[in-house]
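Add chain X to chain D, keeping to what the hints say.
So the sequences go chain by chain: D and X. Position 177 (the first sequence) corresponds to 199 in our numbering; numbering is contiguous. Position 377 (the second sequence) corresponds to 388 in our numbering; numbering is contiguous.
Just so you know, the hints here were simulated from the structure itself, not pulled from any lab data. Note that beta-carbon positions come from the ideal geometry of N, C-alpha and C, so glycine has one too.
Stretch-level coverage of chain D by chain X, calculated; a stretch enters the list once three of its residues show a Cβ under 8 Å from a Cβ in chain X:
(1) 67-77
(2) 93-101
(3) 113-124
(4) 327-335
When the alpha-carbon atoms are kept at most 27 Å apart in a straight line, the in silico DSS-like pairs for lysine-lysine are as follows:
(5) D/K110 with X/K378
(6) X/K530 with D/K96
(7) X/K380 with D/K103
(8) D/K177 with D/K159
(9) X/K378 with X/K530
(10) X/K378 with D/K96
(11) D/K94 with X/K458
(12) D/K103 with X/K561
(13) D/K94 with X/K450
Only part of the chain D face toward chain X is listed, based on derived beta-carbon distances under 10 Å:
(14) L54
(15) Q83
(16) F135
(17) N198
(18) P205
(19) W222
(20) E227
(21) C229
Single-letter residue listing:
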Amino acid sequence: MFVKKILNIKNLKFAPFILLSACIENAPLDSLSPEGPYARSIDELFWITFWIAVGVFVIVQGALLLSVFVYKEKPESPEPKQIHGNTKLEIVWTVIPVLILAAIAVPTVQTIFDLAREPEDALKIEVIGHQWWFEYKYPDYGITTANVLVIPADKPVRLEMWSNDVLHNYWVPKLNGKRYLVPGQTTYLNLHADSPNEFWAQCGEFCGLSHSKMRGRVLSLSQEDFENWVANEQKNAIAFSNEDISLAAEGQQVYLNAGCTQCHVVNGVWDVQGDRIAPNLTHFAVRNVFAGAALKNNRENLTRWLANPAEIKPGTFMPNLELTESEINALIAYLETLK
Amino acid sequence: MTKIIEPKKQSNIFRRPSSETGIWSWITTVDHKRIGIMYGYAAFFFLLIGGLEALVLRIQLSQPDNNFLTAAEYNAMFTMHGTTMIFLAIMPISAAFFNYLLPLQIGARDVAFPRLNALSFWIFIFGGAFLYSTFIFGTAGAPEGGYLAEEVGWLGSAPNGGWFGYQPNAGMKYSPGTAMDFWAIGLQILGIASLISAFNFITTIINMRTEGMRFMRMPVFTWMTFAVSFLLAFSLPIIAIALFYVTFDRKFGTTFFLTEGGGDPVLWQHLFWLFGHPEVYILILPAFGIVSEVLPTFSRKPLFGYAAIVFAGFGIAFIGFGVWAHHMFASAISPVAQAGFGLSTMVIAVPTGVKIFNWLGTIWGGKLKLNTPMLFSLGFIGMFVIGGLSGVTHSVVPADTQQTDTYYVVAHFHYVLFGGALFGIFSGLYYWFPKVWGKMYNETLGKIHFWTMLIGFNLTFGPMHWLGLQGQVRRTWVYAEETNLAFWNVVVTVGAFIIALSIIVFMINWIFSKRNGEKAPFDPWDARTIEWTIPSPTPVWNFSKAPVVKSLDDFWHAKYGEDDEGRSVRRDSADQLLQELEEEGLNPSEDIELPNPSYYPIILASGLPFLGYAVIYYSVPLAIVGTLLLLIGGFGWGTEPLEEAIEELEHE
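The shape of chain D in the complex, shown without the other chains:
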């Protein structure tokens, strides 16, 4: 694929740049294509620093290569003058970097405080880190969900974050930088997406065996869609009656009896007070990913996951329940009804 792209380019001089941009374009975790004001302010700061660094790079490497070419030993080279130093030069190359760094420092400090400020009227969402998935709670709406963070577009949201176990690090590169989730402390992160879109999230801090599979999605919705989503999330699931003989109803029985309820809540079917260690499944089918957003929510993946979770997420706290094929099928049919 990449080779093709290279061959198609007539002027090979630009090949590396096009190759790079080709890769960046489709990278969902790309930190260089901001889609919100927070990420954009960081991006601007990065490019200022980057171009200054490029300038310094060119000067220093240029001086290095130039000295090598000019002063490389030749038969006619004279013995060099024994110069021990030059105080003026020392001052110059101390002061100039100080000035450059001061120029970078001013916007840096400003941006630090801008990013940390709590936005007015921001929606508050709690983010709780678990090995290896993110849980989201909306205290204003009484919603608990997982893996997919749903936010209104074109509005700031304020994340209040902590961890249930080890250190995690919440990162949505297109919306803001990273922030740790620490057990026993609350940390804060602001997000703001320009327009309705889907973004990728990833845990940044090494958090154990399945760190690489601790991912997430952020879905920014228009105000109307967001309100609809809230209204839907606030509903309980409808319990199947015991007489119902559909496959989904059978799946509900599997959910209730196979051990799933030890850790998973379905509001209206099996809701208990207190925090559970696994995602709330009430609106499972609405979410397009599961298992820490490591898997797309489809039948094939659910079958693999339910057959042996540890195969997909090493170290997971979800046991292999030794479900039969028919139990798995029933369970999937049930999960598909949880909208």
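What follows is chain X alone, placed relative to chain D:
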């Protein structure tokens, strides 16, 4: 009356108890040169192991969702790669240089405490062996209550919490088994070795300088050794305490870093990086020193701004203690702390820049001989500048919150520690090869090594900048195909194998040149410092008579004067001087007392791993064995005179 002695036959003076050659002579040696050589070989062995671990990691990452390694194996491999390269490869290779060169550069016969020096080496060996015994004895598994689909296996039974061991993930609940205990106690043992050598070098530099070797006449490598020794002395106690806390948390139920017991996991980060950042300068300053020796020699010019370079080195060492939280910009620290540490990080770029500009000033206007050591030093400048500049982008805190924990950081510190420290070390290995072995290395192979390594290095770590900015997170066992990171990961893996190839070239060169290389003259580079005034290979007694130093770059000024324009002119007396030095160097004209070999350093050091195992397995018998070895070693040591010869002479 002075008598001319043939050192090897003078058993009444040298009193080498068993043998001067063979394995026992090495095990009992207290000669700083032999200890340096052993440090070098052991560290290089670990460098190869750490390199193999890196290759295994790169194979796993060469395609998305790869299953070459399990998650447990991958985590063990990156933890051991980092731990090995830092504590068992780069630090001890630097120690090899310190040991071998420091006494030679200041005109001393040995370090201040030769047996302590041996002790420090053997503790390092036992610490490394102890850490690596995790592959045999260590156990690891899923966190309490978690499940694994397959056995962890021997490859996964190594420490797996990262070389940074962040709590509580590296605590007992989330990293059960003994593997992380091997890490914590292994580092503890290795720390003792470094601490001992730090005090030894500080004492040596302060007390053992030869006549006329004032501080401001010391070679820059010696200066950097001095700076590194202070860094070690002040930073290692911090990590020692933190590692004790971790060990207590894991083995004895304390909760220093565990939230449920009122502890604070962020405190570990502070303590770790309060050590960990000075550690970065511990790794890089020796290379600064080496480069500051090589560049003037091969430019035939004095070091530009000697004082500036020395003070910049100490400035870096000092400010290095005030920047640790830039490893934690995304962690639970306030905006004020972020701003403060961002600024201090920018400040440290200034003395670093001063050094680079002075090195450029050194080669500017010189007469550059592009031998392998020079190539590596020039490569060092080029690569280190890249690492330094990406470091400045980290000081821009908001930008760093995007970059931290991604491959951008991996790229950054490999440019500093590989492109910087390791290039400097290779430069030094080639530069002093003739002095150590009395043979010349093969220049062609050396140049092939340099160019393949430079290309492989940039292919490996250059694209990592992009990978990080595109969102590849560190310490991840797999990445999704949709992230579009595969292409550059393949390039990186290819680069890693090119580096491996260059290392093979280096090893071939080393082995053959050491055996069959041309005989080296004692001053092959027309060098400037006094270690080149003695024969190659260095005789066991170093200097036949203590040199008297009259200026900075004393040896150069003995050989060269200056004309009206300030250009070097070889003195008429130079050839005669060299001839005299050579004769004198091989035939000392006065009695020489050297410290005797001793069994006790290795006996004392061997007690530490037993104590380590005792803590891991709660074993009283092992604790008794370990303590007895410490006591026997210590008692024997205390009652053994350093130089038997002195007593005998008095009896005469």
